[in-house]
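Visitor: Here is how the chains run, residue by residue.
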Amino acid sequence: MKGWSDLDNAAKIFPCTSNEERRNLFGLYFYLTEPVDPALLAEALENTIERFKVFKVRLRTGIFWYYLEENRRMPEVFPESPYLLSPIEPYANNGYLFRVSYFENKIGLEVFHSLTDGYGAMQFLKALVYTYLRLCGHEIDPEGLIRGESESVFEEYQDSFQKLYDAGVKVDTSEKRACLISGTRYEDGWLGVICGSVPKDAFKKVITEYDCSYTQFLTAALTWSAARVPHLFRKTKKYPFQVFIPVDIRKRFETKTLRNFSMVVRTSILPDPKVSFADCVKLVKEQITEASKDEAFLPRVYGNIRSEKIFLLRIVPLFLKNIVMRAVYNRLSERANSFCLSNLGDPGIPTGMQKYIDRVIFSNGATHSAPINMGVTYYGGKVYMTMTSAIMERDLQKQFFRLLTGLGLPVTLETNDLETE
Amino acid sequence: MKKCKYCDLLVKTDRATCPLCLNPLSEDDGVQEERGYPKRQSRPLDKKSLFYRAVVFFCLGSTAVSVLVNLLTRGEDGPFWFPFVAFGAFYAFMLFRTVVLKRSYVFRKLAVQLISASVLLWGVNHFATPQIDWAMGYAIPMLAFAMNLVLLILSLTARHLYREGFGAFFLSQLIGVVPFLLWMLGVDCFRAIPSFWAPLTSACLSLLVLLEAFTISGRTTKEEFKKRFHF
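From first to last, the protein sequence lines stand for chains F and P.
The opening position of the first sequence corresponds to residue 1 in this note's numbering, with each subsequent residue numbered one higher.
The opening position of the second sequence corresponds to residue 1 in this note's numbering, with each subsequent residue numbered one higher.
Okay, chain P solo, but in the shape it has when bound (with noise of 0.2 Å):
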């Protein structure tokens, strides 16, 4: 224990100066005192963000370099080629930063997956065969057919999966029938589906896992409901 004659009062602490005065203590009293705190250390560096920070430079640096060049490289009828650059680096981003770095419930992160890569294959589509829309017509449906299995097999077996990652697997199902409704409805931009096979099978698998969340899971479903719901 050490003295501050100036504030008058006694200081429990290592340092030779008053906590609130910053004059010099008295000389310490002998007598052994436990730490209260542990000691102040550094901050250890964290990782994740800069690793984050290096991820967002790689994508948006290889975007505008990419922009850049094809302008200035372009000929007269020569192709715009940084559009892919451009949804692969969206791409990328957003698989290192929910699945790489983000800790979230599984679901969520395959949902996010199945979304992103969504805009990616439709992107490159879009850009590279805009005569073709193989995007709606079979590569989004079967992806989500695919992701949609995984996601009935995982809630099936794992319960607490379906009610953690409740709102990513609805959001997933809905997915699943977006190319189908699309198609059904002759959206403008879409008409070009080339067949409705794949979008048909990934709605009948969506709308499948739906019925089986109210009537086999219907419990487990009306209370997640009911719980993100209540107002």
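Just chain F, same shape as in the assembly (with noise of 0.2 Å):
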């Protein structure tokens, strides 16, 4: 990096749109089998930023656009705060776009979108906890996993959206409306978690019998439960409960960056509770496999870059950008989300560190018109699902675990008490 970068395509948007209600911030949690020690946590995070100039930035104001600047100073480490992604304070935090904390065993990093994604903020938080195990005294081999033991290369800066844009593609900029989820919030800004774990193998028996992935079935389970929930959603009934389903595409498109670089799926369907779970799972399994396509998604892509190339557009100060850009995100996408299922996977953790670490959580931050989201992970045989919640009906939940109990998979859930003790 050059002491500063552009925000990428992905990117622009969240400084813009960011407010209380909608902070735009996911975390991940690597539980480890022992307690955490802050003062090693904090040389280990010392050392893993150096190789990560991604992450050692802060955003500053241009008069154009917003821009990452190379941050001099040191993050530090942070206490959990029992408010679950609570904004950043830039100046609390050196100016840093994310919060690394801890709390008994566990490490938390709590990242804002514009810096990266959920890709990119787990390669960070590996490195970081396959650090704090080395200062600990562990010897571990990383296998190739852990991207802080690889050299920096410049692709891990790089916006990768620039590679794919070809102007010559007729852009697709639609959004179709989405039904909403209200309900009650949670005053002080708390978010409620309710994170399910089922065994992997008796997951992945249910998903073989509805020949779909993990994604598809989970989608499904929810398209499921919202039809059985209509009161949450008042006004917008008559849309569709439409599923943004984030998936990375860096395999697809072979880079290694580290900043945002995935492609949106999103299923539409008319919530009807006559439908059946099996017709469920077949509608969201077509959908998603014609949304995956190139050719479906590429041009949505192409829009989004498309209008960051516009030069009249270019040439709007950034206060008269962020106040049309706000218009436009709260008209068209902000309407278009019912739900946001993240789905990350297998985090890929070394043999040697897996025995340190005994679960690994993605929450998905909740914005003002999608409150509940769900993220996911598959760590140590088990599936994680952590829904965040900031209204205080859990009937969309009670009916997604029931579901999942009711096709025989043991559920173990965990909360953070979501009302007050």
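Check the hints yourself; a few may be wrong.
[What the hints assert, rightly or not] Derived DSS-like pairs (lysine-lysine); straight-line CA-CA distance at most 25 Å:
id: 1; chain 1: F; residue 1: 205; chain 2: P; residue 2: 3
id: 2; chain 1: P; residue 1: 12; chain 2: F; residue 2: 355
id: 3; chain 1: F; residue 1: 163; chain 2: P; residue 2: 226
id: 4; chain 1: P; residue 1: 3; chain 2: F; residue 2: 200
id: 5; chain 1: P; residue 1: 3; chain 2: F; residue 2: 382
id: 6; chain 1: F; residue 1: 204; chain 2: P; residue 2: 226
id: 7; chain 1: F; residue 1: 53; chain 2: P; residue 2: 3
Read the hints as simulated data drawn from the structure, not as lab findings.
Join the two chains, each given in its own frame, into one complex according to the hints.
Guide: Structure follows, in structure tokens:
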């Protein structure tokens, strides 16, 4: 990095649209088998950040665009706040766009989406925990799975969306309206967490029966559950339940970038309690397969890139851009998603490191229009499904987990106590 | 670990009810589980926000009361003194908001002080002694001169401050030139500036500082311009 860089194409929208109710944060948490030593964690962070220059930045405001500037200060570690994914105060964290926290045997990384996506954050956290465990005196073979052990390459800083761009292709910027979940919000910006874990073997058996992938199964389960809670949709009942599914496309387009680089697949099904779960799976499978084809999602990516290349838009001062982008986002994108399901999959942790890590959790922050979201990870023979919610109603979660137990899956729940003690 | 017989699942919790259906959970199996999340505590009172609201109340309240009292007690040819209170309140508000409450770069704080103090001085001058333009003639240029001298010393001794407060630094220099420009242009409301030595001194310093920024600190300035103006 030459001291500063532009935000990548996907990241540009987040600084303009972030506020107390739409924080654009997500969190990754590693539960270790032993209590965390904050001093060693701080040392590990200082070592790791030097390798991950993509993270060693702060957000600055230019006349026309936001940009990322190299941060000369060091990041700090904080005791975990009970308020999950609370906004990152730039001055409290030396300007960093992420926050590393600890609580008993847990190490957390909460990240502002302008910096990176789930994949990039996972690479950073893996490297951090690896360094921490080594500082604790454990000898671990990285097995080529820890990015911090390989050299930093230019491609890591690259906005890989620009490589995809083809000016000749017709773009698609259309967004269909979705039904939106509404309910009683927690006070003080509290986010309730319900994390369900299911043995992966048992889960695998069930998805094999339905002949679908984990993501397809979970999307279908959410859609089926949504059809049973129409009272949560109030005025938007007539619109389809649309699940927003970010998909990592690094392997498909062969890039090592650590910045945002994912495409979006969206399923759109009218909530109908008469539709059986098997039919729901079939519909979701068809839609995801269709939407994952290059010709289906690339026009949307091109649309986003093209809008940032329009000369007239580029020369508009940032404060005006912010107003316009916020209005467009509120009018189109925000109304297009009922729910966000993000499946990070297996984090790829070296075998020698696994004995020190009990579980890996991914919390996908709730937004104003999609107050309940889900993050999924597979680790240690279990599938972890973490539902983060900004509203007190748990009907959707109840339907979802009861569906899983109804299919014979043994579910164990963990929560952050949701309401006050 | 507890069990919810209604949802048919296990729950790791200290609570007595199921987090999904809110029905009572079975007795704990006695296996000690570690806590996954910190216990919820009510958010500490945001003292800054409370203080800020108190300052806003004080500033608006004092202005409103002074307007009312001034209008009610003013004789036929009595003076309008409420603008002094209003300008003072504005300055106090800016002082608290930018210097005391807001955590921002030193240069930005100084620039905001320069602007708000200039507004205060101009306001007092305009309402108290409109016949002599001492604010534009002496006070504001001297204030800008002092501020820009401080900014120059800070920028030369701590380069990171210059980089961080680049925008505020240039804004301060421009303010330093404004009184002299107004005097030169003979703008109507400023024609009564009594002499030009103070605006000239301030403008000279600002121009020298700008010259320094583009010569001695040329590389940093160019880089900062590129960053901030890239489109």
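Visitor: Hint by hint, note whether the structure agrees.
Guide: Each hint, compared with the structure:
Taking the CA atoms of residue 205/F and residue 3/P, the gap is about 24 Å. The hint holds against a cut of 25 Å. Only pairs whose Cα atoms come within 25 Å are accepted, and residue 12/P paired with residue 355/F is accepted, the gap being roughly 22 Å. Proximity of residue 163/F to residue 226/P is assessed by CA-CA distance (about 23 Å); at most 25 Å being required, the pair is judged to hold. For the suggested pair residue 3/P and residue 200/F, the alpha carbons sit about 21 Å apart, so the restraint of at most 25 Å is met.
The suggested pairing of residue 3/P with residue 382/F holds, with an alpha-carbon distance near 19 Å, which does not exceed 25 Å. With a C-alpha separation of about 53 Å, the suggested pair residue 204/F and residue 226/P falls outside the 25 Å cut-off, and the hint is violated. Restraint check for residue 53/F and residue 3/P: not satisfied, since their Cα atoms lie roughly 46 Å apart, outside the 25 Å limit.
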